Amino acid sequence: MFDFEYNEEFKIGEELYARAIGWMVLQHLKEENVLKSVPKMMENNALQILHKIKQILDDDSLDDQECFEQIEQIVETFLANGIQTTRHDWD
-16 MFDFEYNEEF KIGEELYARA IGWMVLQHLK EENVLKSVPK MMENNALQIL HKIKQILDDD
44 SLDDQECFEQ IEQIVETFLA NGIQTTRHDW D
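Each residue of the sequence shown is one higher than the one before, starting from -16 at the first, in the working numbering.
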């Protein structure tokens, strides 16, 4: 969903700039009265991710005893949806 990856090498100025932009976007959404639709969008996205994880867990073709294949697929699902994890270093 998001192509943004947090980089610990961001400069403080860049982080403050990003934060200011975030506050400006939030204010704009409030003024346009669309902020109330954001929780529903987040819920829908979360349900889609949970559905994908359930599909992975129910997939009989991923049958290794230690579940490494399932874990890898779940981590990839998180990453594809902009959710970072420290479970594995994929570099």
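Everything labelled a hint here was simulated from the structure, so no lab data went into it.
Be aware that a few hints might be false.
As the list claims (entries may be wrong) - Simulated DEER-style distance windows between Cβ atoms:
no., residue 1, residue 2, range
1, 41, -5, 23 to 29 Å
2, 48, -5, 43 to 49 Å
3, 9, 40, 16 to 22 Å
As the list claims (entries may be wrong) - With a straight-line cut-off of 27 Å between C-alpha atoms, the simulated BS3-like cross-links for lysine-lysine are:
no., residue 1, residue 2
4, 23, 13
5, 23, 35
6, 37, 23
Bear in mind that the values here come from a model prediction, so they are computed numbers and not experimental data.
Beta carbons: idealized from backbone N, C-alpha and C, even for Gly.
Hint check results:
| no. | hint | result |
| --- | --- | --- |
| 1 | 41 - -5: 23 to 29 Å | violated (45 Å) |
| 2 | 48 - -5: 43 to 49 Å | holds (47 Å) |
| 3 | 9 - 40: 16 to 22 Å | violated (36 Å) |
| 4 | 23 - 13 | holds (15 Å) |
| 5 | 23 - 35 | holds (18 Å) |
| 6 | 37 - 23 | holds (21 Å) |
When each numbered hint is compared with the structure, violations occur for hints 1, 3.
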